[in-house]
Amino acid sequence: GIQVEQSPPDLILQEGANSTLRCNFSDSVNNLQWFHQNPWGQLINLFYIPSGTKQNGRLSATTVATERYSLLYISSSQTTDSGVYFCAAYAGNNRKLIWGLGTSLAVNP
Amino acid sequence: EPEVTQTPSHQVTQMGQEVILRCVPISNHLYFYWYRQILGQKVEFLVSFYNNEISEKSEIFDDQFSVERPDGSNFTLKIRSTKLEDSAMYFCASSRDGNTEAFFGQGTRLTVV
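Going down the list, the sequences are from chains X and A. Using the working numbering, the first residue of the first sequence is number 449, and each one after it goes up by one. Using the working numbering, the first residue of the second sequence is number 122, and each one after it goes up by one.
Note that these hints are calculated values from the structure, not bench results. Errors might be hidden in some of the hints.
To be verified - Not the full set, but computed from the structure, chain X residues with beta-carbon under 7 Å of chain A:
| id | residue |
| --- | --- |
| 1 | Asn478 |
| 2 | Gly489 |
| 3 | Leu491 |
| 4 | Tyr496 |
| 5 | Ser499 |
| 6 | Tyr521 |
| 7 | Arg543 |
| 8 | Lys544 |
| 9 | Leu549 |
As the list claims (entries may be wrong) - Have a look at the derived ranges for each label pair, beta carbon to beta carbon:
| id | chain 1 | residue 1 | chain 2 | residue 2 | range |
| --- | --- | --- | --- | --- | --- |
| 10 | A | Pro129 | X | Ile492 | 32 to 42 Å |
| 11 | X | Gly464 | A | Arg201 | 45 to 55 Å |
| 12 | A | Arg217 | X | Ser523 | 43 to 53 Å |
| 13 | X | Gly464 | A | Arg190 | 21 to 31 Å |
| 14 | A | Gln185 | X | Arg470 | 30 to 40 Å |
| 15 | A | Glu174 | X | Lys502 | 18 to 28 Å |
| 16 | X | Gln462 | A | Arg190 | 39 to 49 Å |
| 17 | X | Ser499 | A | Asn173 | 25 to 35 Å |
| 18 | A | Asp192 | X | Glu463 | 39 to 49 Å |
Where is the CB? At the ideal position from N, CA and C, for every residue including glycine.
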C-alpha cells in the first residue's frame, strides 16, 4: 500500500517566522489532506489537495502529484499554530487514509 | 458549515466493560470511518462503512469491535470488552463519496483503567 513520510519530525520556531513542512508519498494519490492536531487532540482539516495549490490565510499548500510530494507553508507563525501537522493520503481503490507520523511544531513567543 | 460530531468527548471505563462511541456524520455523506490514535503515535485506520455494511477493516478491528448505523443519522463503534491497550483517541470521519475530502469529528478520548 501507499507509504506517507513527513519531514521534519520536529520544528521549533520563533513567532513571526515562516516554515515549510513536507509530505512524500509513494504512489499516485486520489486524496491528500493536511491536518492540524491541536494540544487537545482535535484534528482540524486544513487542506484537501490531491494536486495544485491552495491558500487559506497564512497557510498554503502545494501538491506536485507527478513528483509525489506535498508542501505546507506556514507564514508569520503564531503560538496558536503549535501542535502536530499530519498529512494523509489514499490511492487507487483504497479509500482509507494512510497517515504520516506528523511534524510536531512549537512556536515560541 | 456541516460538521461531524462525536460523543462523548472523554470516556473512562473499567477493563472488561463494553463501550459505545457515537458519531453523527455529515448528513449527505455516504462513507463513514473510524480511526484510532494511541497517545503519541500516528492515526490508524480501523474500519470503513458504506451502504450499511463494512467495506474494509484493518487487522486492529477484531471481533471485539463492531460498528452500526442504528438510524439515519448515528454511526457507532462498540468495543465489547475493553482492554488497557484500547486506550486511545477515536476519530469518526465521513466523506461524500469515498473519493473526496474526509471530514473528522473532534474525537473521543477513551481511557481504560
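Against the structure, the hints:
For Asn478 (chain X), the interface hint holds, since its Cβ comes within 7 Å of a Cβ in chain A; the closest pair sits about 6 Å apart. Nearest Cβ of chain A to the Cβ of Gly489 (chain X): about 5 Å, under the 7 Å cut. The hint holds. Because the smallest distance between the Cβ of Leu491 (chain X) and any Cβ of chain A comes to about 5 Å, under 7 Å, the interface hint for this residue holds. Look at Tyr496 (chain X): its Cβ gets to within about 4 Å of chain A, closer than 7 Å, so that hint holds up.
Taken as an interface hint, Ser499 (chain X) does not check out: its beta carbon lies about 13 Å from the nearest beta carbon of chain A, beyond 7 Å. Nearest Cβ of chain A to the Cβ of Tyr521 (chain X): about 20 Å, over the 7 Å cut. The hint is violated. Interface hint status for Arg543 (chain X): upheld, as the beta-carbon distance to the closest one in chain A is roughly 4 Å, under 7 Å. A distance limit of 7 Å between C-beta atoms decides the matter here; for Lys544 (chain X) the minimum to chain A is near 4 Å, and the interface restraint holds.
With a cut of 7 Å, the hint placing Leu549 (chain X) at the interface with chain A holds, because the nearest CB-to-CB distance is about 5 Å. Look at Pro129 (chain A) against Ile492 (chain X): about 20 Å separates their beta carbons, and that is not inside 32 to 42 Å. Roughly 51 Å separates the CB atoms of Gly464 (chain X) and Arg201 (chain A), a value that falls within the hinted 45 to 55 Å. A C-beta distance of roughly 31 Å is found between Arg217 (chain A) and Ser523 (chain X), which places it outside the suggested range of 43 to 53 Å.
In this structure the supplied range 21 to 31 Å is violated for Gly464 (chain X) paired with Arg190 (chain A), their Cβ-Cβ distance being about 47 Å. Take Gln185 (chain A) and Arg470 (chain X): their Cβ atoms lie about 37 Å apart, and the range 30 to 40 Å holds. For the hinted restraint 18 to 28 Å between Glu174 (chain A) and Lys502 (chain X), the CB-CB distance of approximately 34 Å leaves it violated. Checking the proposed 39 to 49 Å range against Gln462 (chain X) and Arg190 (chain A) shows it holds: the Cβ atoms sit about 48 Å from each other.
For the hinted restraint 25 to 35 Å between Ser499 (chain X) and Asn173 (chain A), the CB-CB distance of approximately 33 Å keeps it satisfied. Checked against the given bound of 39 to 49 Å, the beta carbons of Asp192 (chain A) and Glu463 (chain X), roughly 47 Å apart, stay inside it.
The structure fails to meet hints 5, 6, 10, 12, 13 and 15 from the earlier list, while all remaining hints are met.
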